[in-house]
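Chemist: Listed below, chain by chain, are the residues.
There are 2 protein chains.
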Amino acid sequence: MMDKSPLAPKSFPNLPQIAGVKMAVAQTGMKYQNRDDLLLMCFDEGTSFAGVFTKSATASAPVLASRAVADSGSIRAILVNAGNANAFTGAKGVSSVEACISALSKTLDIPADMIATASTGVIGEPLNADEITAHFAALAASAPASWQEAALAIRTTDTFEKGATASFTINGKNCVISGIAKGSGMIAPDMATMLGFIATDAGIAPDDLSDILKRVTNDSFNAITVDSDTSTSDSVYLAATGQSATLKTKDDLVQFEEALRAVMISLATQIVRDGEGASKFITIDVTGAVSEASARRIGLAIGNSPLVKTAIAGEDANWGRIVMAVGKAGEPADRDKLAIAIGDIAITEDGQRKHDYDEAPVAAHMKGDEIHIHVDIGLGDGKARIWTCDLTHGYISINADYRS
Amino acid sequence: MMDKSPLAPKSFPNLPQIAGVKMAVAQTGMKYQNRDDLLLMCFDEGTSFAGVFTKSATASAPVLASRAVADSGSIRAILVNAGNANAFTGAKGVSSVEACISALSKTLDIPADMIATASTGVIGEPLNADEITAHFAALAASAPASWQEAALAIRTTDTFEKGATASFTINGKNCVISGIAKGSGMIAPDMATMLGFIATDAGIAPDDLSDILKRVTNDSFNAITVDSDTSTSDSVYLAATGQSATLKTKDDLVQFEEALRAVMISLATQIVRDGEGASKFITIDVTGAVSEASARRIGLAIGNSPLVKTAIAGEDANWGRIVMAVGKAGEPADRDKLAIAIGDIAITEDGQRKHDYDEAPVAAHMKGDEIHIHVDIGLGDGKARIWTCDLTHGYISINADYRS
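Line by line, the protein sequences give chains A and B. Each residue of the first sequence is one higher than the one before, starting from 33 at the first, in the working numbering. Each residue of the second sequence is one higher than the one before, starting from 33 at the first, in the working numbering.
Hints were generated in silico from the structure; no laboratory data involved. One thing to keep in mind: the hints can contain errors.
Below, in silico cross-link-like pairs of lysine-lysine (BS3-like), each with a Cα-Cα straight-line distance of 30 Å or less [said to hold, decoys possible]:
1) A:63 / B:369
2) B:63 / A:399
3) A:87 / B:415
4) A:36 / A:399
5) B:399 / A:63
6) A:87 / B:386
7) A:138 / A:54
8) B:87 / A:415
9) B:87 / A:369
10) A:124 / B:369
11) B:63 / A:386
12) B:369 / A:87
13) A:124 / A:42
14) A:386 / B:87
15) B:54 / A:124
16) B:399 / B:415
17) B:87 / A:87
18) B:280 / B:246
19) B:124 / A:369
20) B:54 / B:36
21) B:282 / B:124
22) B:63 / A:369
23) A:415 / A:399
24) B:246 / B:415
25) A:42 / A:399
26) A:280 / A:54
27) B:386 / B:415
28) B:282 / B:246
29) B:36 / B:386
30) A:63 / B:386
31) A:87 / A:415
32) A:386 / A:369
Using the sequences and the hints given, assemble the complete structure.
Modeler: What follows is the structure, encoded as structure tokens:
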């Protein structure tokens, strides 16, 4: 067990239960001993559902099966196991998922096509469905689990459990969103996956739910990077039980989207704060790009650059590496219009270092554990924010000083 | 000064002088003490010239100026300095290059538009042309330098000098290609650049020279990656003096291209062998992709993956990370057709681990310092070969345990 990340929040937040959601956890012992590794989330009838998934061409069996459930827009149960990703497990992987869904459908007396699954852990290891289905009766009879217990059950190499909540008011009725996530590096030693499970008691039509989830994912889970590696299992699920207010107007949906954005950005940045070996939390703002997509690609080129990330680990105000990363992004940029600032201190002008540049305040900023980089491209209105962490000896130790 | 890379060749090869090429070296003391850091290559009249350059949007002043010389197809001199990249130096950077070219044109009595330059070193530091031009008279009067002396003069953080040669016969006449390169990481601590300087005594028309250089660069310098970072200064120059045989037929050009490919692959892989912190030299063959471009992108996704590179550093036969890297490449792939082999030992079939997979011989291969990965995508005829090195604590130490 790794030490808790120095960038972890002080404590797990107080996450309200969501009316219409019941959770339960169990220990399979498949990989981890003396901790929960199985999570069942059950939803009342009439719950809307949306999901976003990894774009990996070698996506895991649970991802392949759950895409259809997300497309249907309805959910009754989500089953999650930690320790085995059931990825690159061929036909057997698919039949394992089918066996779990079939057994869960019988145990809970719910339609099989309203059950989504997610698995995280070792890639390429066959998953024995019996080791999971054996716990269904106990899960169904179990006392309700808290969000914190759920967040603990889905960890792999995470050093802390991750949760976030927000609320908003529709027609005088209070609505709540609660969510949990796991991830620590896009993919950890032999372990896969960034997963997120979010529920709200608001009522939202599946099409709206899906559109909003895609947009907010873009600004949150898709705006973070630890090591540029993408897992075979990344999935974010969003369920809306509708047991508080039903969202009807455009303004209702905007309120929901803003609250969801706060929850998902909190979860996503907690994953960065648990990045393997991370000692600095880095926010990269790109403005003035020719488009939002261009700004995002420039931000990711900076956030994924090993040389930028190692410079920050070394507390080195090496802005030349940021110039390099902007240059390699493959996006429109003009050297003479580029404005780079670190910790709000402007460094460049007219395609060169400012004549009165003083490194002392930048060097002082680099010693903190929250680093802010702002790059203005000077060409347009496109902007994006990316979060990442530094690249340290800790990352190498976790990923190389290790034998399978 | 870093220790010589454990992957370095035993010795510098014996590089023949090229008729029509004269080289000289000098010490400016601008950054390095007690070593040469300035190289002048002079070419007889009638020498053809081609160049390939970084695609960086923040390319250095020498790159911007030398592109026009390469387009002209003629060359009389190349000037190279190590220690200051003259990149992100604004209008002053451009005028420094102009001042050097103008002074060299007068000293050597050659046209200014037949002089190319290349600079490697710190980004963002103004370059004082006087510190370079002061040495032109001495360079012009100096005794000829060997290729090895030239290779030593252009180093920045390189731990060894890099050279390669090949010969071929046209109409009974022996033709020679000799070349040198520098680079150690795409961009080293505050230092930029991969540079290559190659000359042949064969006679080749500029258009043919340029076409061949672009093709061979694709198979050599563009097929290597140390850390996915691209410098602002990358340049490869190729000069053909025509003092042995003139290449006329298509068959002549094919012979030249094959010999050039051998030289450039040797130089490119020597750069990988000098990769910052490298302890393993990795060859990645991708076959069966839908196109050559697709195969290259899959190969680079594997070669740039921090998780693949750290697994190899840890001598861990973690083929699941190769599955992940193929999946994230964004290229057509079918899990069930993917065949992964390490050290020629087949690992996967039908989208899963082979039933009789024995990790012992793969683990033994991982303990060597030459690692071979073969991924067959199973969809088409596209293939590519990529070279890279592992990602170790040494890389972090060089790039993070450092203050500017």
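Chemist: Taking the hints in turn, state whether each one holds.
Modeler: Here's how the hints hold up against the structure:
| no. | hint | result |
| --- | --- | --- |
| 1 | A:63 / B:369 | holds, 29 Å |
| 2 | B:63 / A:399 | holds, 27 Å |
| 3 | A:87 / B:415 | holds, 23 Å |
| 4 | A:36 / A:399 | holds, 20 Å |
| 5 | B:399 / A:63 | holds, 27 Å |
| 6 | A:87 / B:386 | holds, 25 Å |
| 7 | A:138 / A:54 | holds, 18 Å |
| 8 | B:87 / A:415 | holds, 23 Å |
| 9 | B:87 / A:369 | holds, 18 Å |
| 10 | A:124 / B:369 | holds, 15 Å |
| 11 | B:63 / A:386 | holds, 22 Å |
| 12 | B:369 / A:87 | holds, 18 Å |
| 13 | A:124 / A:42 | violated, 42 Å |
| 14 | A:386 / B:87 | holds, 25 Å |
| 15 | B:54 / A:124 | violated, 67 Å |
| 16 | B:399 / B:415 | holds, 27 Å |
| 17 | B:87 / A:87 | holds, 27 Å |
| 18 | B:280 / B:246 | holds, 19 Å |
| 19 | B:124 / A:369 | holds, 16 Å |
| 20 | B:54 / B:36 | holds, 29 Å |
| 21 | B:282 / B:124 | violated, 45 Å |
| 22 | B:63 / A:369 | holds, 29 Å |
| 23 | A:415 / A:399 | holds, 27 Å |
| 24 | B:246 / B:415 | holds, 18 Å |
| 25 | A:42 / A:399 | holds, 21 Å |
| 26 | A:280 / A:54 | holds, 26 Å |
| 27 | B:386 / B:415 | holds, 24 Å |
| 28 | B:282 / B:246 | holds, 17 Å |
| 29 | B:36 / B:386 | violated, 40 Å |
| 30 | A:63 / B:386 | holds, 22 Å |
| 31 | A:87 / A:415 | holds, 23 Å |
| 32 | A:386 / A:369 | holds, 13 Å |
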